[in-house]
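> Assemble the complex: chain A is given as a structure, and chain B must be docked to it using the hints.
Line by line, the protein sequences are chains A and B.
Heads up: the first sequence begins at 0 in numbering that gives the first Met the number 0, then just goes up one per residue.
Heads up: the second sequence begins at 0 in numbering that gives the first Met the number 0, then just goes up one per residue.
Hints were generated in silico from the structure; no laboratory data involved.
It is possible that some hints are incorrect.
A few chain B residues that don't get close to chain A, going by computed Cβ distances all over 10 Å [unchecked claim]:
id	residue
1	T6
2	L9
3	R13
4	R27
5	R39
6	S43
7	R63
8	S69
9	D72
10	S74
11	L80
12	P86
13	P88
14	L117
Interface residues of chain A toward chain B, partial, derived using beta-carbon atoms under 10 Å [to be verified]:
id	residue
15	A82
16	K86
17	A91
18	G196
From the structure, some residues in chain A lie toward chain B, with a derived Cβ separation under 10 Å [stated by the list, open to error]:
id	residue
19	L76
20	G80
21	R94
22	G99
23	V101
24	P185
Beta carbons: idealized from backbone N, C-alpha and C, even for Gly.
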Amino acid sequence: MTSQVAFVGDVHGCLPALRGILRAIDERDVSHTVFLGDYINKGSDSYEVLAEVLPLAACGAATLLTGNHEQAMVSALDGRGLAPFLKMGGAAAIRSYIGGNVGPDVLTEFRASVPLSHLEALRSMPETFETEDVIAAHSSGAMNDSRYRVSAHVDVGPEPVISSHGAQIDTGCSSASGRLTALFWPSLLVVQVDNTGARV
Amino acid sequence: MSQLFTTPELDLPRYLPGLLREARYLLRSCLYASAIAEGRPCFSVRELALRHGDSDLSRLLASRYVEEPSEQDYSQCVSRLERLIGPLPSSQHGSLEATIVNEWGTSGDLLSMAFMALGASSGEFDDYAEVEKVLL
Numbered sequence: 000m001t002s003q004v005a006f007v008g009d010v011h012g013c014l015p016a017l018r019g020i021l022r023a024i025d026e027r028d029v030s031h032t033v034f035l036g037d038y039i040n041k042g043s044d045s046y047e048v049l050a051e052v053l054p055l056a057a058c059g060a061a062t063l064l065t066g067n068h069e070q071a072m073v074s075a076l077d078g079r080g081l082a083p084f085l086k087m088g089g090a091a092a093i094r095s096y097i098g099g100n101v102g103p104d105v106l107t108e109f110r111a112s113v114p115l116s117h118l119e120a121l122r123s124m125p126e127t128f129e130t131e132d133v134i135a136a137h138s139s140g141a142m143n144d145s146r147y148r149v150s151a152h153v154d155v156g157p158e159p160v161i162s163s164h165g166a167q168i169d170t171g172c173s174s175a176s177g178r179l180t181a182l183f184w185p186s187l188l189v190v191q192v193d194n195t196g197a198r199v
Numbered sequence: 000m001s002q003l004f005t006t007p008e009l010d011l012p013r014y015l016p017g018l019l020r021e022a023r024y025l026l027r028s029c030l031y032a033s034a035i036a037e038g039r040p041c042f043s044v045r046e047l048a049l050r051h052g053d054s055d056l057s058r059l060l061a062s063r064y065v066e067e068p069s070e071q072d073y074s075q076c077v078s079r080l081e082r083l084i085g086p087l088p089s090s091q092h093g094s095l096e097a098t099i100v101n102e103w104g105t106s107g108d109l110l111s112m113a114f115m116a117l118g119a120s121s122g123e124f125d126d127y128a129e130v131e132k133v134l135l
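So here's chain A without its partners, still in its complex pose:
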């Protein structure tokens, strides 16, 4: 079997789904895994999800692309206002990092709870992953290219949208009846798990 690249859609704070999809990827001949961003918010495990994927990137087994939720988190931590992050559901990530309820000064507590390793990783996440014949980014808007385009960001429902020129693989992980999708390149085979990590 030819070694493949696995692309994984938005995890959104769902650790059981992440672990389920990693088990499914481990069963295949995969040379590299590309996560398409949005690791945080919605689900209750934002901190745990990042803690799980960061070592994969550190050892070279995975590339962690940035998503709009990570960019908003960095923006909030950098002092450019907490409101935009809260509006997109940042409370879930803040609760995950702090480990429960917060006091009045949310930003100070949040800053103190985010490990430096997480912050550095969030700041250094690339926007795209590119090979000779495929390009991937969190949002399809970031790609204007003739190569095969893989994106996430927009929840397309329970099934990924796969065509001859590209694929959209955000299948609503962490939302009710949502799934986490892995797309294998170049075979374009798909594996999905539900929010408990069980194979769909």
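The following block gives chain B in isolation, referenced to the frame of chain A:
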């Protein structure tokens, strides 16, 4: 939800426009409810201002309130609200932002009102919001 108005020192510097809008909304709603309870329903702000002998009420609650949000107008609304319903309950969380974080995942009106008080700030991520419900 009036507890959102009890931590102004932390919240007004960041969220005055949204909090003023909600203070006006609650004051108007309480005046309507009060008029109904008295057996003289009235939904005219001008008429209510006359009844209460409070000429500035018309300006504060004008449907076309176009003034720059001010802390003075906010205080005016909150003090009138307290005269109608009594002392406001203290915030359980200490700030608007903490209310949103600590109430996240509940389906209460407090979270919805706190969320809306964040207002429509301008910024690169403002095209996106997770809203569970909208109170009209």
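> Evaluate each hint against the coordinates.
Verification of the supplied hints:
1. T6: Per Cβ check, T6 of chain B is inside 10 Å of chain A; nearest 7 Å; violated.
2. L9: Contrary to the label, L9 of chain B does not stay out of reach of chain A, its closest Cβ about 6 Å off (not over 10 Å).
3. R13: violated (7 Å)
4. R27: Non-interface label stands for R27 of chain B: nearest chain A Cβ at 25 Å, farther than 10 Å.
5. R39: holds (41 Å)
6. S43: holds (35 Å)
7. R63: holds (26 Å)
8. S69: holds (20 Å)
9. D72: The claim stands: D72 of chain B keeps its Cβ more than 10 Å from every Cβ of chain A (closest is about 21 Å).
10. S74: Non-interface label stands for S74 of chain B: nearest chain A Cβ at 20 Å, farther than 10 Å.
11. L80: holds (22 Å)
12. P86: Holds, since 20 Å exceeds 10 Å.
13. P88: holds (16 Å)
14. L117: violated (5 Å)
15. A82: With a closest approach of 5 Å, the A82 of chain A hint holds.
16. K86: holds (4 Å)
17. A91: holds (6 Å)
18. G196: Result: violated, 21 Å to nearest chain B Cβ.
19. L76: violated (13 Å)
20. G80: holds (6 Å)
21. R94: OK, holds: R94 of chain A within 10 Å of chain B, min 6 Å.
22. G99: Since the shortest Cβ distance to chain B is 9 Å, the answer is holds.
23. V101: At 5 Å from the nearest chain B Cβ, V101 of chain A passes the 10 Å test, so the hint holds.
24. P185: violated (33 Å)
Hints 1, 2, 3, 14, 18, 19, 24 from the earlier list are contradicted by this structure; the remaining hints agree with it.
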